[in-house]
Amino acid sequence: MTLFTQIWDFFSSVKLAIFTLCTLAATSIIGTIIPQGEPSAFYVKNFGAQTAHFFQVLDIPNMYYSWWFLGLLGTLSANLIICSLDRFPAVWKIVTADNLAVTPERVEKMSNCSKWEFATDKHKQINVAELLKKNGWTASSKKIGNNELFFSQKSAWSRIGVYIVHTSILLIFVGAIIGHFFGFKGSVMVPEMGSTQKVFAYKDAGSLELGFELRCNSFAIEFYDNGMPKEYKSSLTVLEKGQEVLTKEIEVNSPLTYKGITFYQSSYQGYQDFLLNITESNSGESKQFTLPFQKQMTWEEKNLQFGIVNAEAVGQRVVRSKVWFKSGENPASIEWINDNSKTTFTGGTKEYTVSAKQMYATGLQVAKDPGVWVVYIGCCVMLLGLYIAFFMSHQRIWLYKNNDSSVPQLWLSGSANKNKMGFAKVLSELKKCIDQAVQR
Amino acid sequence: MDSSQLLGITTFTYMFSTILYVAILVFKAPKLGGIATIFTAVAWFVQTAGLVLRWIESYQMGIGHAPLTNMYESVVFFAWTIILLYLLIEWKFKTKIIGAFAVPFAFLAMAYASFSTELSKAISPLVPALQSNWLIAHVVTCFVGYAAFAVAAALGIMYLLKSKSPETNEAATSLSSRFPSPAVIDDIIHKTMVFGFIWLTGGIITGAIWANSAWGTYWSWDPKETWSLITWFFYAIILHARYTRGWSGTKIALLAIFGFVSVLFTYYGVNFLLSGLHSYGSN
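Quick mapping for you: the protein sequence lines, in order, are chains A and B. Using the numbering used here, you'd call the opening residue of the first sequence number 1 and step up by one each time. Using the numbering used here, you'd call the opening residue of the second sequence number 1001 and step up by one each time.
Isolated chain A, as found in the complex (with noise of 0.2 Å):
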C-alpha cells in the first residue's frame, strides 16, 4: 500500500467522519460555557492567571475561529470531498447499471423472491409489462431464450442524494470563505445631522472606507405604553460626491444597502446637546439648531435668541426640556415641551413653532458579505439534498417468465436501498395484484 492510499483511505473513511463530527460537538460545548471575544484581564480575573495562559495557548477566548477548530472544520471538509470521490463512482454505477444483464439466478436468490406456477398455460395471457405499469412501474425487457425477464426501477438518481448533502456543506464553507476574504463586518456611530465616509472594521480594529458618505438625518426611539422599546428608526442618506443618490428610514430587521454594503440598525447613544427647530409661522422659514445644554444661541436675521435651561431624563433619555425663548425687545417666555413635540411662542407680532428633541447618535453595524448567496445556495441545496437522501429510495423489482421450467413460472424479486419496511408493502401490493392475475 503506497502512502498516497493510505492517505486516502484515512480521509476516506467513515470512522474520520464520525469522529470528526463527535470532536467538533464536544469542544463548540467549551465556547459556549467559556464566554468568548473577552479581553484577556477577564479571563484572568475569573479563571486565575494560570488558567488564563493556558486558553490564550489554545486561543479559547476566540475559540471558533482558532487554529485547532478551523484545522477540525478542514479535516471535516478534506473528509467529506474524499470520501465523495471514493464513493461516487461506485454509486453512479449502480445508478446507470444495465439491470436486465442480472441472471435469473440472482433473481430467484434475492431474499424477498416470490413464486407463481402455472398449471395451465395461463401464463401466456398475462401480460407482465401492462400490469407492472397498472401498479405504477414501467418495464423495461428482454428475452432470455424462450424466457423473459422485465426490469423496472423507480428515482435511481436518489442515491446520489447523499452527495448533494456532502457538497451543499462545503458550498456553505465556501460562502464562509469568501466572505472572510472578501467581505467586513464593521460598526459606526453616526450622530444626527453628521455624516461619515468611514466604519470600524472589528477584524483589525483599523478604520475602513466606504467609498461614498453616509449621513444620518435623524434617529428616534417609540416605545409601547408599557415603556418597552418598539422601534428604533435611523433615516440615513446615501451621498456621492456631495450628491444624494438614496434616503431609506432604517429600523432593526429592515437594513440599507448601498453598493453591496449593508447598515444595519444596532445601538444608538444620546447625547447632552439638543436639536432645536424653529419656523416662523407667517414665511414658513424654518431653521435647525444643534444645541448645547444650558447654552443661549442666537438667530441673527430674526433677533431670536433661545436656550435649553433644564431637561427631564430617564436614565439617558430625555423625556422634556424646558425651552427658553426670547425674541427682540419682548419678554421672554419659559415652557416645558415633551421631546420631539413643538410648541409655539409668540414674539411681538411673530409666531414661531418651536420642537426640541434630545440629540442622539444612531448605532450601526456594518456588513459587506459577498459569499452569503453562496452559503443561501448552500442551505437551500442541502435542504433538497435532505428530502432526497432521506425520503426517496432506489426500488428496483424484477419479474422473470420461466417457461423452460416443467411448469411454466413467475418469479418476483425487488430491492430498495432504503425504507426497506415501506418497500415491503409496496411489494406485497404487487404480489396481491399478479395473485389476481393468475386466478383469474
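Take the hints with a grain of salt, since some may be wrong.
[To be verified] Derived pair list, reagent style SDA-like, types lysine to any residue, alpha-carbon separation capped at 20 Å:
#1 K248(A) - S1132(B)
#2 K233(A) - L1130(B)
#3 K420(A) - F1093(B)
#4 K420(A) - A1183(B)
#5 K203(A) - T1217(B)
#6 K418(A) - I1237(B)
#7 K425(A) - A1183(B)
#8 K420(A) - W1215(B)
#9 K154(A) - K425(A)
#10 K185(A) - T1217(B)
#11 K15(A) - K1224(B)
#12 K420(A) - P1180(B)
#13 K418(A) - Y1243(B)
#14 K1224(B) - A26(A)
#15 K233(A) - W1215(B)
#16 K15(A) - L85(A)
#17 K1092(B) - M392(A)
#18 K198(A) - K1092(B)
#19 K230(A) - A1183(B)
#20 K1251(B) - L21(A)
#21 K1251(B) - I1237(B)
Simulated from the structure, these hints should not be mistaken for laboratory data.
Go by the hints and put chain B onto chain A.
Chain B only, in chain A's frame:
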C-alpha cells in the same frame, strides 16, 4: 372564554389523554383506543383554539404578533406540535401504544407552562429584534424538529422497555408484548429522527437568514446557535452510524434519548444557564 382558560383546560385534557393511553397499555383495554384518540384530538383542537385566541387577543391589545415569542408560548407550542405529530404517527402506523409514551411529553410541557412560576404568561409586546416575518418560520421549523425528537425519544424509551423486559417476568412481558415489534419501533424511531433532522436543519437555516437580516451576520457562534449545531452534529452522527455502520435497535434507541437531552439543553438549558442573543426567550 379567553385563551389562558382554554390553554389551562388543555393541560388537564392532556393529562386525561395520558391516563387513557396508559390505561390501554396497563389494563389491556384496546376498546379505550378510539376514546383516547378522539379525546386527544379534541384536546388538540381546544389547544389550537387557545393559540388562535391568544393571537387575536394580542391584536386586540394593539401589539399583534404570533403566540411564539417567549418561553411560555414556546412551551405551549411545543406541546401542540408533539400532539399533532403523535396523532399523525398513530394514524399512519396504526398503533395506539406509542401514545402512552409520547402524550406524557405534551402533558409535562403544558403542566410546566401552566404551573411554573418562572414563566410569564402575559402577552407582551415584541422588542424590535423580534419584529420580523422570519419569526414564525424560524420558531415553527425549530419546534417541529424538537417535537419530532421528543417523539423519537419516547419511542426510544419504549424500545428499551420492550427489548429489556425479561421473558420470565410475566407482568412485564405481558405489558410490553402489546408493543409493536422491535423492528417496527426501530423503523419509526429512525423515521421520526430523520424528519426532525430535516426540520432542525430548516430551523437553523431560517435562524441564520433572520440573523443576517437583523444583524448582518448569519452565524455568530452565539450559545443558542452553537448548541443547535451541536444537536445537529449529534443527529448527523446517529444517521451516519445507522447508514454506514448498520447501527439499529438498542444503540439507536439510546442515542434517540441522548439526542433529546441535547435538544432540551438547546431549547431550555441555554436560555437559563448561558447568556446570549436568545436571552429574550428566558421570560
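To see whether the hints hold, each was checked on the structure:
| no. | hint | in the structure |
| --- | --- | --- |
| 1 | K248(A) - S1132(B) | holds (18 Å) |
| 2 | K233(A) - L1130(B) | holds (15 Å) |
| 3 | K420(A) - F1093(B) | holds (15 Å) |
| 4 | K420(A) - A1183(B) | holds (11 Å) |
| 5 | K203(A) - T1217(B) | holds (14 Å) |
| 6 | K418(A) - I1237(B) | holds (18 Å) |
| 7 | K425(A) - A1183(B) | holds (15 Å) |
| 8 | K420(A) - W1215(B) | violated (45 Å) |
| 9 | K154(A) - K425(A) | holds (15 Å) |
| 10 | K185(A) - T1217(B) | holds (8 Å) |
| 11 | K15(A) - K1224(B) | violated (28 Å) |
| 12 | K420(A) - P1180(B) | holds (17 Å) |
| 13 | K418(A) - Y1243(B) | holds (9 Å) |
| 14 | K1224(B) - A26(A) | holds (15 Å) |
| 15 | K233(A) - W1215(B) | holds (14 Å) |
| 16 | K15(A) - L85(A) | holds (16 Å) |
| 17 | K1092(B) - M392(A) | holds (18 Å) |
| 18 | K198(A) - K1092(B) | violated (60 Å) |
| 19 | K230(A) - A1183(B) | violated (54 Å) |
| 20 | K1251(B) - L21(A) | holds (18 Å) |
| 21 | K1251(B) - I1237(B) | holds (12 Å) |
Hint check: violations occur at hints 8, 11, 18, 19; the rest are consistent with the structure.
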